[in-house]
Every structure is written in structure tokens, then in C-alpha cells.
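Q: Line by line, the protein sequences give chains A and B.
Just so you know, we're using the numbering used here here: the first sequence kicks off at 1 and counts up by one.
Just so you know, we're using the numbering used here here: the second sequence kicks off at 103 and counts up by one.
Just so you know, these hints were derived from the structure itself, not from any lab.
Accuracy of the hints is not assured; some may be wrong.
Coverage of chain A stretches by chain B, computed from C-beta distances (three or more under 8 Å per stretch; other residues unrestricted) [what the hints assert, rightly or not]:
| id | stretch |
| --- | --- |
| 1 | 1-10 |
| 2 | 28-42 |
| 3 | 52-58 |
| 4 | 66-80 |
| 5 | 88-101 |
The beta carbon of each residue, even a glycine, is placed where N, CA and C say it ideally should be.
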Amino acid sequence: MIPLPWYLTLAAALFCIGLYGALTRRNAVAILMSLELMLNAVNINLVAFSRYVTPAALTGQVFALFVIAIAAAEAALGLAIIIAIYRARETVNADEINLMKW
Amino acid sequence: MTEPLVYVAFFIFAALTLGAALAVVTSRNLLHSALFLVLTFFSVAGLYVLLEAEFLAAVQVLIYVGAVAILFLFALMVTRRVTGEGVRQSNEQRGPVALVVLGLFAGIFLPLIFGYSWYVNPTAPPPNTVSILGDLLMTAYALPLEVAGVILLVALVGAIILAKEE
């Protein structure tokens with residue numbers, strides 16, 4: 001069986017890549033994509049702990065399902081907001097959307 | 103599956119996941135980013151199969167690859183003017199952010215993961231995980247399931263209202 005720390009390392013690396021993308025991308029759609037990467041990393045952790053620590057209870061898998069459902073809602077809502085911003089301001093670059101920044 | 107084959111599969115899926123994720127955050131063309139995101143989702147589904155979570159692997163392919171990634175492609179095509187090759191896609195903080203993220207990974211995550219002896223339960227998972235998941239969702243997690251359904255409904259109605267042409 002593959003050691004549990006390998007899965008945790010993979011998930012941590014995926015989370016860090018997503019964090020890097022969320023902090024460096026200018027386009028809001030790309031920032032949302034990086035968020036999805038981070039949510040996937042969390043899901044890998046949940047499923048790995050479910051498999052290695054409580055193989056019979058499957059609680060981690062149930063939580064991963066809920067995370068997937070909320071991630072889908074978040075993507076739909078975020079992209080709708082981005083399309084509305086694009087209509088109003090002709091841009092979706094996060095550093096140009098500075099109306100409420102001082 | 104035999105033991106060495108599992109290791110080979112793990113390394114293939116792990117390399118695919120991390121390589122495609124790196125391409126997602128560094129690619130100059132955002133359409134390529136979205137396609138690499140599909141590849142990441144597929145290889146994470148492969149990892150779920152290795153973890154004996156077949157239902158979650160199917161859900162991952164159906165929801166992430168089938169719905170979320172297509173939604174991203176649509177959003178990129180609608181906002182075509184700012185997603186092309188000619189537009190700079192990264193801000194100026196790339197160097198410092200890379201340092202901070204690497205520090206987080208090597209300085210906090212790795213010592214945390216390898217400095218603790220994780221308890222591993224040696225029992226094998228039950229063969230019919232799908233029916234157990236269904237039981238759990240209909241009994242112990244029935245209320246969270248309903249709340250998740252309401253959240254999805256509210257979010258999608260809100261998305262339609264936000265994106266609707268005036």
C-alpha cells in the first residue's frame with residue numbers, strides 16, 4: 001500500500017501550486033481556476049484520510065462529495081459575477097477592477 | 103492490482119496532476135490553462151480510483167470535467183478580449199509569491215507531514231462503497247444533503263440573474 005504521507009505531500013504541493021496561481025494571475029477566471037486546484041487538493045486529503053484511517057466509515061468521502069457540490073456552486077456564481085463585470089467594465093483583470101479600492 | 107503496479111500508477115497520476123497544475127498557473131494562453139485544468143481533474147480522478155473511491159472518481163469526471171471545466175471554457179470565450187496571447191496574464195509579484203509558497207511547502211507542510219507518525223488502519227475497505235455512501239447520505243447526512251441542494255439551487259438562480267442581459 002502506498003504510504004499515507006505521499007498522498008499528503010501530493011495534496012500539499014497541489015494546494016501550493018493553486019495558491020501561487022491565485023496570487024499571481026491577473027485574470028479573474030484564472031484565479032477561479034487556481035481556487036479549483038486548491039479545492040481538489042483538499043479533496044485528495046479527505047479521501048486519503050478516509051481510506052487510510054477510517055476505511056469502513058467513508059465519512060471523508062461524504063465530505064469530499066459536499067466539497068465538490070459547493071465548488072460547483074462557487075464556480076457557477078463566480079463566473080456569472082465575472083461575466084457581469086465584463087459587461088460593465090470591458091475587463092476581468094483583477095488589478096483593473098479597483099472601483100472600491102483606495 | 104499487484105503492488106508494484108499501484109506504485110507506478112501513483113507516480114504517473116501524481117506527475118500528471120502536478121505537471122498539469124503547474125501548466126494551469128503558468129500558461130500564457132488561458133484556453134490552454136483551462137484544457138490543462140481538465141487534465142488535472144482527470145488525473146485526480148485516477149488518484150481516487152487508486153484510493154478505492156470509485157464513486158468519487160465518477161463524480162469527479164462528471165462534475166469537474168463535464169460541468170465546471172466547460173463552464174470555465176465558456177467564460178474564457180465570452181471574455182475573449184482579455185484572455186488572448188497578447189495580454190499579460192501574471193502580475194509583478196511572481197518572484198516573492200513563489201518564494202512564499204515554496205517556504206510554506208518546505209517550511210511548514212513537509213515538516214508537518216513527515217514529522218508525525220500517522221495512524222493507519224489496516225482493515226480493507228468494504229467492497230460495496232456506493233451503497234454505503236447512499237445509506238450515509240440518506241440517513242446520517244440527510245440534512246447536509248438537503249442544505250447542499252438548496253445552496254446549489256440558490257447559487258444557480260443567482261448566477262442566472264447576475265449574468266442575465268438587462
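Q: Please count how many residues of the stretch 1-10 of chain A have a CB within 8 Å of a CB from chain B and say whether that reaches 3.
A: Coverage by chain B holds here, the residue count being 9 at a Cβ distance below 8 Å.
Q: How does the coverage statement for the stretch 52-58 of chain A fare against chain B, requiring three or more residues with Cβ below 8 Å from a Cβ of that chain?
A: Per the Cβ count (6), the hint holds.
Q: Counting residues of the stretch 88-101 of chain A with a beta carbon closer than 8 Å to any beta carbon of chain B, are there 3 or more?
A: holds (count 5)
Q: Can you tell me if the stretch 28-42 of chain A counts as covered by chain B, using C-beta to C-beta distances under 8 Å and a minimum of three residues?
A: holds (count 8)
Q: Take the stretch 66-80 of chain A, compare each residue's beta carbon with every beta carbon of chain B, and decide whether three or more fall closer than 8 Å.
A: With 13 residues in contact (Cβ-Cβ under 8 Å with chain B), the coverage given for the stretch 66-80 of chain A holds.
Of the hints listed earlier, there is not a single one the structure fails to meet.
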